[in-house]
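Please construct the entire structure, taking both the sequences and the accompanying hints into account.
Below are the chains, spelled out letter by letter.
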Amino acid sequence: MTDVKTLEDVFQAKVDAEQKIEPKDWMPDAYRKNLVRQISQHAHSEVVGMLPEGNWIGRAPSLRRKAILLAKVQDEAGHGLYLYSAVETLGTSREKTNDDLNSGKAKYSSIFNYPTLTWADIGAVGWLVDGAAIMNQVMLCRTSYGPYARAMVRICKEESFHQRQGYEIMGVLAKGTPEQREMAQDALNRWWWPSLMMFGPSDADSPHSAQSMKWKIKRQSNDELRQIFIDRTVQQAEVIGLTIPDPELKWNEETKHYDWGEIDWTEFNNVIAGNGPCNRERLAARNKAHSEGAWVRDAAMAYAAKKAKKKQAA
Amino acid sequence: MDQHQALLTYCLRRGDDNLILSHRLGEWCGHGPQLEEDIALTNRALDLIGQARNYLQYAAEVEGKGRTEDDLAFLRSERQFVNTMLVEQLNGDYAHTICRSFLYDAWHLPLQQALTKSADERIAAIAGKAVKEVSYHLRTSSEWMIRFGDGTEESHVRAQTALDALWTFTGDLFVQDDVDAILVKAGVVPDMAPIRSAFDKTVETVLAEATLERPVDGHMATGGRQGKHSEHLGYLLAEMQYLQRAHPGAQW
Ligand SMILES: [Fe+2]
Ligand SMILES: [Fe+2]
Ligand SMILES: [Fe+2]
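Residue numbers (my numbering), protein chains in the order written: chain P, 1 to 314; chain Y, 1 to 252.
Just so you know, the hints here were simulated from the structure itself, not pulled from any lab data. It is possible that part of the hints are untrue.
Calculated lysine-lysine pairs in the DSSO-like style (CA-CA distance at most 30 Å, straight line) [unchecked claim]:
1) P:96 with P:307
2) Y:201 with P:311
3) P:306 with Y:201
4) Y:132 with P:157
5) P:307 with Y:129
6) P:214 with P:107
7) Y:117 with Y:132
8) P:24 with P:157
9) P:5 with P:256
10) Y:132 with P:175
11) P:14 with P:33
12) P:307 with Y:201
13) P:96 with P:24
14) Y:201 with P:310
15) P:157 with Y:129
16) P:24 with P:311
17) P:256 with P:216
18) Y:201 with P:309
According to the in silico footprint, chain Y covers these stretches of chain P (three or more CB under 8 Å from chain Y) [claimed, not checked]:
19) 45-52
20) 177-188
21) 293-300
Glycine residues also receive a C-beta, built at the ideal position from the N, C-alpha and C atoms.
Here is the structure:
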């Protein structure tokens, strides 16, 4: 009998050699579990993320913006599908994954528990939320699990379009009427800190990080990614003349990076615990869609079964 | 009315049909019965908004008063919208949404096919591009009608209920007035009679396979082409137009 230690050594050697782990390969149970948790969380985030953005499709202020927003939200649904398929390659069915979301057992990115109050929020979400997500997703294109890495390559192409269209909305508002400008600054004020929180706790307090790095699921730490995001976004805000709502933000000549103020982790934990502005609405909307859609899915299945039977009889 | 005026009105009618239906379909986004349907519905909504923009851009050019597609979409009021009444009806359950699209598609496809032969080159080009999209719309909405009709008892009842409720709005699809008369004569738009036969044939075939019953032609609700709508349209426009109305002259 081959002992687990040896299998695990072989597995780790493969990871270290930058070879992809494929669904049929042996993998440690904890690796599989960790991936199922992370990929399904990611899938749920794509799907729940459709809600705050879908919220403005009906009120998009021009036909062009309406079409772009429709296309973006459609992309997110597609991302959800790729990722649910990646979870299935690990032996967890889409039904089970979806049930865990609807029951509140599974998490999704906390950022989507914030409301989109004005049109500028659609700009801020694209610019900051998709912008922060890209940092993570670009890294995940090199993640050790093959199906996840490949899903990410497809997703990243679309995400950069999402980020650009959001930034473009903000740019147009920032040079628009005084009301539009105010709308843009207000959206930045509200979305800035939650976007920084998207990278997760500081490395010192991040429970899953070390092991994920060893397995090369994660390849850069939360704080590293957050720094890259801040450096890039501060400059983008300057270009369109908006102010990052952090009085402590300043360029550090020594490190060649921006220093920034303290993130309010109490708020972060509170939103994760279910007490964000829209946690209940988001979950209720997903549950409603699922239960009201039950008869539709049943009908499709019943019809397919009837057809298969007829074909067999013929 | 002269031909120029008729052409403008015709483009607005086509643009409004597609815009209003696209808006309704967009309301499902994130709330569909499964993720695949969210994608399918937004796909449809995207095709329709694309077609709407083509017609409204052309309308703006024909009008020649410097208005844009957005002025036409966001700054006309209830009585100036000339979409058919079917498309403004509420989404209801998924059977209503599918049935509304099916009835629309069954009319829309033969119409766009005929318009590819329009004497107006621009309309022929718009229709040429739309035909491929609309064929796909009709195929998928027909498939769902059949799945519902011949699926479970519940889906059958829901589909028949939707069909019965929406049938009254199919009359408005075939209304013809001066606008059509002038443009038919000029070879710009087709006569409605063959479109009607194609519609009837599609409905007959699909309903037969779906084991659904075609409702009897009772009272038909009409008026959309004259800007006389159901009460639903006002709310739709209030939502759709709010930002443009609240910030006159702003760029987005
Ligand atoms: Fe996203
Ligand atoms: Fe995405
Ligand atoms: Fe995105």
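Against the structure, the hints:
Taking the CA atoms of residue 96 of chain P and residue 307 of chain P, the gap is near 27 Å; set against the 30 Å cutoff, the hint holds. Taking the CA atoms of residue 201 of chain Y and residue 311 of chain P, the gap is about 26 Å. The hint holds against a cut of 30 Å. Simply put, residue 306 of chain P and residue 201 of chain Y have alpha-carbon atoms about 25 Å apart, close enough for the 30 Å limit, and the pair holds. For the given pair, residue 132 of chain Y sits about 27 Å from residue 157 of chain P by alpha-carbon distance, which is consistent with the 30 Å threshold.
For the suggested pair residue 307 of chain P and residue 129 of chain Y, the alpha carbons sit about 34 Å apart, so the restraint of at most 30 Å is broken. About 23 Å separates the Cα atoms of residue 214 of chain P and residue 107 of chain P, which keeps this hinted pair within 30 Å; it holds. Between the alpha carbons of residue 117 of chain Y and residue 132 of chain Y the distance comes to roughly 15 Å, so the proposed pair stays at or under 30 Å and holds. Only pairs whose Cα atoms come within 30 Å are accepted, and residue 24 of chain P paired with residue 157 of chain P is accepted, the gap being roughly 27 Å.
As the CA atoms of residue 5 of chain P and residue 256 of chain P are separated by approximately 44 Å, the hinted pair breaks the 30 Å bound. Note on residue 132 of chain Y and residue 175 of chain P: the hinted pairing is violated, with a Cα-Cα distance of about 40 Å set against a maximum of 30 Å. Only pairs whose Cα atoms come within 30 Å are accepted, and residue 14 of chain P paired with residue 33 of chain P is accepted, the gap being roughly 19 Å. Using a Cα cut-off of 30 Å, the hinted pair residue 307 of chain P and residue 201 of chain Y holds, with the two alpha carbons roughly 23 Å apart.
Distance restraint check for residue 96 of chain P and residue 24 of chain P: the Cα-Cα separation of roughly 21 Å lies within the 30 Å cut-off, and the hinted pair is therefore satisfied. Taken as a hint, the residue 201 of chain Y and residue 310 of chain P pair is honoured in the structure, with Cα atoms around 25 Å apart against an allowance of 30 Å. This hinted pair checks out: residue 157 of chain P and residue 129 of chain Y have alpha carbons roughly 27 Å apart, not beyond 30 Å. Under the criterion of a C-alpha separation no larger than 30 Å, the hint pairing residue 24 of chain P with residue 311 of chain P is inconsistent with the structure, at around 34 Å.
A distance of roughly 27 Å separates the Cα atoms of residue 256 of chain P and residue 216 of chain P; the hinted pair therefore holds under the 30 Å criterion. For the suggested pair residue 201 of chain Y and residue 309 of chain P, the alpha carbons sit about 28 Å apart, so the restraint of at most 30 Å is met. For the stretch 45-52 of chain P, the stated coverage by chain Y holds: 3 residues have a C-beta nearer than 8 Å to a C-beta of that chain, and at least 3 were required. Coverage of the stretch 177-188 of chain P by chain Y holds in this model, with 3 residues showing a Cβ closer than 8 Å to a Cβ of that chain against a need of three.
Counting residues of the stretch 293-300 of chain P whose beta carbon lies closer than 8 Å to any beta carbon of chain Y gives 8, which reaches the threshold of three, so the coverage claim holds.
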